[in-house]
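Asks: Throw the hints in and build the complete structure from the sequences for me.
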Amino acid sequence: MIGDGTKAKRLRKAAIIGAIALFMLALGIITGFFISKAIGLNLVLQQQSKERSNQLQEDGSLPDGSGAAAVAGFRRGVADDGVLAKLRQWPDPSSPQALQLLQDPAGPDDLLTAIYTWANDTLHISEQLTEAFLQRLLDQMGESETHSGQTMLLPPGTNATELMEMFMSLAKDVLAYLRDSRSTALLQMLRDFSRRGAISLSDTDPDVLQAELDKLLNKTNLNHWYGSTTRKDTVETQTRPWRTTAAAAAAQGSPQLLQGSAIAGRRMLLSASHGNQAAAAPHTRHLQATATIPVISLDVAKKTSVIPTASPLLTLNDMLCAVESFSPTGLKGMLMPTAAELTAAGVTATDASGKAISCAPRPEVGTFNHGGVTFKPVVIPVVFHCQRFMQGDVLQPPIWKPQDAAQNLIDVTNRFYQGTGIQFKLQEVRSDVKAHPYLLLSTLDDWQSCTGNPSQEAAGFPCLQETAKFPDVAALAEKHVVNVLIGGSQTSLFCNTTAPNSICSTLYYGYTGSIGPWFTKASATWREGLSEENWIVMTWDFFAPEVANSKRFWDGGAVTLAHELGHYLGVMHTHEGATACEGEGLTKADVVPDTPVNRQVEQWAAENNLAANLARWCSDFRNGKQPHPKELLDYNSCKADGTTDNVFNLMSYLPNACNMMLSPNQVARLQWAVATFRPQMMAAYAA
961 MIGDGTKAKR LRKAAIIGAI ALFMLALGII TGFFISKAIG LNLVLQQQSK ERSNQLQEDG
1021 SLPDGSGAAA VAGFRRGVAD DGVLAKLRQW PDPSSPQALQ LLQDPAGPDD LLTAIYTWAN
1081 DTLHISEQLT EAFLQRLLDQ MGESETHSGQ TMLLPPGTNA TELMEMFMSL AKDVLAYLRD
1141 SRSTALLQML RDFSRRGAIS LSDTDPDVLQ AELDKLLNKT NLNHWYGSTT RKDTVETQTR
1201 PWRTTAAAAA AQGSPQLLQG SAIAGRRMLL SASHGNQAAA APHTRHLQAT ATIPVISLDV
1261 AKKTSVIPTA SPLLTLNDML CAVESFSPTG LKGMLMPTAA ELTAAGVTAT DASGKAISCA
1321 PRPEVGTFNH GGVTFKPVVI PVVFHCQRFM QGDVLQPPIW KPQDAAQNLI DVTNRFYQGT
1381 GIQFKLQEVR SDVKAHPYLL LSTLDDWQSC TGNPSQEAAG FPCLQETAKF PDVAALAEKH
1441 VVNVLIGGSQ TSLFCNTTAP NSICSTLYYG YTGSIGPWFT KASATWREGL SEENWIVMTW
1501 DFFAPEVANS KRFWDGGAVT LAHELGHYLG VMHTHEGATA CEGEGLTKAD VVPDTPVNRQ
1561 VEQWAAENNL AANLARWCSD FRNGKQPHPK ELLDYNSCKA DGTTDNVFNL MSYLPNACNM
1621 MLSPNQVARL QWAVATFRPQ MMAAYAA
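Just so we're aligned, residue 961 is where the sequence shown starts under our numbering, counting upward by one.
FYI, nobody ran anything at the bench for these hints, they're computed from the structure.
Among the hints, erroneous ones may be present.
Computed list of lysine to any residue pairs in SDA-like fashion (alpha-carbon distance at most 20 Å, straight line) [to be verified]:
| id | residue 1 | residue 2 |
| --- | --- | --- |
| 1 | K1590 | T1298 |
| 2 | K1361 | E1324 |
| 3 | K1175 | L1114 |
| 4 | K1361 | T1082 |
| 5 | K1315 | M1294 |
| 6 | K1590 | G1306 |
| 7 | K1175 | R1155 |
| 8 | K1179 | W1564 |
Derived Cβ-Cβ restraints for the label pairs, each shown as a range [to be verified]:
| id | residue 1 | residue 2 | range |
| --- | --- | --- | --- |
| 9 | A1045 | S1162 | 42 to 52 Å |
| 10 | Q1387 | R1142 | 36 to 46 Å |
| 11 | S1054 | L1386 | 15 to 25 Å |
Predicted model, so just to flag it, every value in this text is computed and none were measured.
For glycine and all other residues, C-beta sits at the position ideal for the given N, C-alpha and C.
Replies: In C-alpha cells:
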C-alpha cells in the first residue's frame, strides 16, 4: 500500500473536500444524467469506438452506414438539395432537446452520448475540482480499504505525495491528459467525483484501474504527453512514408517537404549561396540576402524612434518581466538566481543576480521604418471555414456556438499580439453547409484527410488548396482577409490513433499554407491575395471549446492560431537551424537576434524528464503561486550563449500554459515582413 500523506493532512483537507462535495451535489439534472449515462455506457463506448475505427479503416464510413465507401480523392458537395435539406445538427447539450435525445427509449446514439459527455466534462470538471479529486485519490491510497474493499497501488518506491502534488499543480491539464490517454477508469472516477464529491470504485474494473494507475500516474508518461502535445505544426516520425518526394514537390513548384522527417511539412529555408536544395543540410532554414531584415541596433532605434531589429539577447530577467502581466500576483517576492547558481548552469551572472526581480518601465514599441519601407499598425480580418462531413442525416462534427468559439480565438490571440502594432478582428464564421456547400465533405475519412497531414500529403494539401480556390473563399483572400480552415480531429470521438495507418494520428494541430518571399525557395506563384497560397489550417480540436479552445485548457486553440499567424506574417520557430544551436544575431536561422538559440524545447525537456516540470512552473506562475526562477536554469539547451532558453515564446513548442510572449526583435520582424511583403493588406486595414 502506497500513501505517505499523514492523518493530519487528511483532516486539513476534509473541510475543503466536504465543501466541494456539497457544491457538486447541487449540479443540475442534465449533469447527473450525463454522468450516469457515461457510467453505464463506458464499456459500450469503448467497444463502439473500436468498431467505428475498424470500419473507418475498411470503408471510410461511420458504423451506421452513413458514409459511402471512400474513393480516390475527395468528394465534396455531393449531397443534392434534398439531402442538404434533411441534414441536421445535434442540439446544444444544455438544451431540453438534448435531454430528450439522451432519453430516447431506443437508446441514444453512442457518439452523441460521448460528445455530450465531453461537453459536460468541460463545463463541470474545473481545475479546482480536479485538484480536489487528486487530493482525495491520494488520501484514499493511504487507507487500508476503499468503499468497495479494493486497494489502489502505485509502483514500489513511488513517493505518492510528491507525484500527486505534481499532478495537482497541473490540474488544469489533467482532463485533457486523461482524454488523450484514452483513460476509462480514472476519467470515469473523475466524472463521478464531479457529481457526488466522493470516489467510488464500485463501477470500476480493478484490473483496469490498476493498469491506469501504473501507466497514467507516471511522470515519464506525463513528460511524453507534454512533448507530443506541444508540437503545433510537426508530428512524430512513426508515420507512413511521404507519398510525394521532396524532389518531385520541388519540380512541381510546391514547397519542399522533408521525407520522413520529424519536421516534415515545414518550409525549408536555404541561404542564397545554395543553388541546389539537395545540397543543403537537413532541417536548415536560412533567408536569402534579398529577404533579410536590415540591421537597426538598439542605440540607433532610440535615436530615430523606430523599432530595433538587432537587440542584445534577452536575459532571464528580461523574459520574466515580459510575462509579468500573465500572473495575478506579478513578480512580487520572486528572486533572481544567485551568481553561483547562474554560473553553475552556464548562464551569465548580472548585477540582478540574487535580487528581487526588477522591471524597468516598458518602452513604447516603435514602428519599423527603414529604406522607404514603413510599417503602419493594422487590424486584420479573419474568416473561419469549418469543414464538416455527413453521418447519415447528422452533420458532424458539432459546432454549437461558432461565433463564440471564433471570438475567443481572436480575443486571446490579440492579447498575445498586444503592443506589436498587429491586431485581428473576427469578420465571419462559416459552418453552415447549406449556405456554403464547399464546406461539406462526404465521409469521415475525407474530413480527416483534408487537413495538414503528412501521411496524406499527396491529397491533404491539394484538398486544402482546392478549398481555398472556391470563389467564396478566394474573394476573401483577394481582399487580404486571413482564411482559417478547420477540419480533422485526433480526439477519441473521431479517431483511433492506435490503429495501423490511422490517418488521424498524423495531423498537424495547425499549419500555415503561405510560402512567401520571406522564405528561400518560396513558391514561384506566391503573391499577396492569391487564395490557394495564403491560408491557415487548424484541427477541429483547437476550434471546439469542448476540447482545447477555452480558458479551461489554457486557450490551446488561440495558442495554435497565434503561432500559425506568426508564420503567416513572417516569423519562424526559435529553434530553426541545422543544429538549432548554430549562429547568433542576424545569422541565426530565425533571423531574430534577441531570441536565444535553442533546441526544440519540448524534445530536449522530454529527453531529460523536464517537460512536466516546465508545465508545472508555468501553471504555478499563471495561478499566482510564485515559482522560483532558479528552476528555469534547467532549460539551457544551447549553453554557449550564456542565457536560458526562452521558455515563454509563442514561436517555440511549449506547454500551452507557457506561451506568453513575442520578443522585441520578433515584433520588428513581423512589422518589416508585413510592410515589405503584404503592403496591400497593410493599406487596406491600417488602424
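Asks: Confirm or reject each hint.
Replies: Taking the hints in turn, this is what the structure says about them:
1. K1590 - T1298: holds, 8 Å
2. K1361 - E1324: violated, 37 Å
3. K1175 - L1114: At roughly 10 Å apart (the allowed maximum being 20 Å), L1114 and K1175 satisfy the hint.
4. K1361 - T1082: Answer holds: K1361 to T1082 is near 15 Å, not above 20 Å.
5. K1315 - M1294: Between K1315 and M1294 the Cα gap is close to 9 Å, so the pair holds against 20 Å.
6. K1590 - G1306: Given pair K1590, G1306 holds - Cα atoms ~13 Å apart, limit 20 Å.
7. K1175 - R1155: Outside the cut-off at roughly 25 Å; violated.
8. K1179 - W1564: holds, 16 Å
9. A1045 - S1162: 42 to 52 Å: Because 48 Å falls inside the window, the suggested range holds.
10. Q1387 - R1142: 36 to 46 Å: Between Q1387 and R1142, where Cβ atoms are some 38 Å apart, the hint holds.
11. S1054 - L1386: 15 to 25 Å: The hint (15 to 25 Å, Cβ to Cβ) holds, given that S1054 and L1386 are roughly 23 Å apart.
Hint compliance for this structure: hints 2 and 7 are broken, all remaining hints hold.
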